[in-house]
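S.K.: Please work from the sequences and hints to get the whole structure.
First to last, the protein sequences are chains A and B. Take the first sequence: its letter number 51 is residue 51 in our numbering, and every next letter is one higher. In short: position in the second sequence from 1, add 1000, done, that's our numbering.
Source of the hints: derived by calculation from the structure; they are not laboratory data. Computed from a prediction, not measured in an experiment: that's the story for all the values here. Each hint should be verified, as a subset may be incorrect.
Listed next, the stretches of chain B that the computed footprint assigns to chain A, with coverage defined by at least 3 CB atoms under 8 Å from CB atoms of chain A [claimed, not checked]:
(1) 1135-1145
(2) 1280-1286
(3) 1292-1305
Facing chain A, from chain B, some residues (calculated, C-beta under 10 Å) [to be verified]:
(4) 1014
(5) 1020
(6) 1021
(7) 1022
(8) 1150
(9) 1267
(10) 1269
(11) 1271
(12) 1272
(13) 1276
(14) 1289
C-beta atoms are modelled at their ideal positions from N, C-alpha and C, and glycine is treated no differently.
2 protein chains.
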Amino acid sequence: MRLAVLGAGSVGRAVVDLASEYGHTVTAVADSGSAVVDADGVDAEAVLARKREDDVVGDGDPSHALSTDYDVLVEATPTTLGDAEPGFGHVRGALETDRHVVLANKGPVAERYDAVRALADESAGSLRFEATVGGAIPALATIEGVGPSRVTAARGVLNGTANFVLSRMAAEGLDYEHVLAEAQDLGVAEADPTFDVDGTDAALKCAILANVIHGGGYSLADVDVEGITAIPPSALDLAAEEGQTVRLVGEVTGDDVRVGPRLVPEHGTLAVTGTTNIVQLETEHAGRLNLSGQGAGGAATASAVLADVNRLD
Amino acid sequence: MRLAVLGAGSVGRAVVDLASEYGHTVTAVADSGSAVVDADGVDAEAVLARKREDDVVGDGDPSHALSTDYDVLVEATPTTLGDAEPGFGHVRGALETDRHVVLANKGPVAERYDAVRALADESAGSLRFEATVGGAIPALATIEGVGPSRVTAARGVLNGTANFVLSRMAAEGLDYEHVLAEAQDLGVAEADPTFDVDGTDAALKCAILANVIHGGGYSLADVDVEGITAIPPSALDLAAEEGQTVRLVGEVTGDDVRVGPRLVPEHGTLAVTGTTNIVQLETEHAGRLNLSGQGAGGAATASAVLADVNRLD
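M.R.: Given below as structure tokens:
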């Protein structure tokens, strides 16, 4: 397959780096300010070097990146809320010209799922977005295998930054601000970690899970969200006395979609540590399935993108 | 799809029961002594009632079951070793007539993988066997998504009976014979649990994992196997003092395939309890993926069979 990769953050760069190993050719790469297009395949090493050294992927205009020959749009630009632009427009352009779309950007399928689904239904191209929920974890492929109507609930720890902070607070008895600063020093938390710690990122993933399970109808506004910023160390101490701990848990149960700090058994399945994510599916005939792994990171997320590319018809 | 279901044990019966919910029609069912065939779809309730009351599925000859119209052979007869017959013959007959094959029977893909693979390569039909490893757990679909060559190791707790026995021995301090008798009373262990407790069942699953990861070449004879029958309660006590416990772990690492009791951290990922199974995959780009769930049971295993049917081209 010929891939057009939009976005040159850690995920987009890793897709460019790994695509040839998966048997695919990258014919276009664009970031917000530059682009490179080559119908015979771009030079991945040169693109990555330019990005690293000069923060550009090439000398072309990013708006022309999708005018090349490509079979699959890999949309890995930053997640945006509301109208989910410019990602939504990229997705529309690709589907309207009967190309496949694989998303790492959560915006279009969290905020405008029904519109994206309608575009995909009209298109000869297919739409996949495994990488948007739980990074490397095969959550959506598993729901597809079970059959969305036979998944009765989904639950998970879906934000590695929040989980790292909670794990460290519980293990060290330190307060939120202290641990967050440490996480930022380690590169686990971004300079602006708002969406991670206020629950927005996990809520977007839950909206996507709800859309997949229920066939659409959900956006961030439908998720009841509470973050971890107000949890005092004393709450974790109290939990520990009862053999419990606190995790930022997202849940899709029936029509309800919510994210918030929950008490979970200290050694239980949901008490994943560090940046690990977990998705738990309750199914009609197969009981509970637990899927855990790296919820973020360029290569791990890119591997979910490339698995999606391999699943395209 | 029209399904011909061979085998009317718990898995075969559950496939017959659930097929219509997944949009499929069962056109033949056979057990070892009887069969029923109806090109318009058998009456599932009647078949299940006859099996329950008279231990027959119909009044036909089982050897004629595959002469009906069908698209997919669901092979759910008991696993046999060595030549893997009669399962292997059923698989050959279906693939040679360009039908798809979905296996719950481990024999053909554990003992004669290369021959089955060659038949599938020559056939217009496809071969799938998710249900043979870890019941409801999507282990093989996940390996397929990651790409077999990018799975660097697989490891797992793959036998629910052995795991139940070890969990109970550790929790209650009881000896092996006592707990096994209890498991038999509860229906968790079969009357003859030899293959579960001597490691054979887990070893067959590891041979299948090795075949998938390495593209063939493995059978039971290639697996280094040790069971749980010789573990004294004192070994579990000693492990517990160090925060460890014992699990029957199967491993595929490089060319090595082995099954045996291993020390694992008491609250670690591999220390699943009761009849839960887990498969852990080490991947080149996506780190470690953990997949756990019901490793056995009619409905859970049938759901893996039917997910495979839905994945057929």
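S.K.: Now tell me, hint by hint, if it's right for this structure.
M.R.: Cross-check of the supplied hints:
Evaluation of the coverage hint for the stretch 1135-1145 of chain B: fulfilled, as 7 residues show C-beta separations to chain A shorter than 8 Å, against a requirement of three. Beta-carbon proximity to chain A at under 8 Å applies to 3 residues in the stretch 1280-1286 of chain B; the threshold of 3 is reached and the given coverage holds. Closer than 8 Å: that is the beta-carbon criterion, and the stretch 1292-1305 of chain B has 9 residues meeting it against chain A, so the requirement of 3 holds. Among the interface hints, the one on residue 1014 of chain B holds; its C-beta lies about 8 Å from the nearest C-beta in chain A, closer than the 10 Å criterion.
Hint on residue 1020 of chain B is violated. Least Cβ distance to chain A is approximately 13 Å, over the 10 Å limit. The beta carbon of residue 1021 of chain B comes within 8 Å of a beta carbon in chain A, closer than 10 Å, and the hint placing it at the interface holds. For residue 1022 of chain B, the shortest C-beta to C-beta distance to chain A is roughly 7 Å, which falls under 10 Å, so the interface hint holds. Checking residue 1150 of chain B against chain A: minimum C-beta separation of about 8 Å stays under 10 Å; hint holds.
Checking residue 1267 of chain B against chain A by beta carbon gives a least distance of about 4 Å; that is within 10 Å, so the hint holds. Interface hint at residue 1269 of chain B: satisfied, since its Cβ lies 8 Å from the closest Cβ of chain A, which is below the 10 Å cut-off. With its C-beta approaching chain A no nearer than about 9 Å, residue 1271 of chain B sits inside the 10 Å limit, and its interface hint holds. Here the hint on residue 1272 of chain B is kept, as its CB sits about 9 Å from the closest CB of chain A, short of 10 Å.
Of the supplied interface hints, the one on residue 1276 of chain B holds, with its beta-carbon coming within about 9 Å of a beta-carbon of chain A, less than 10 Å. With 10 Å as the threshold, the beta carbon of residue 1289 of chain B comes within range of chain A, its nearest partner Cβ sitting at about 4 Å, so the hint holds.
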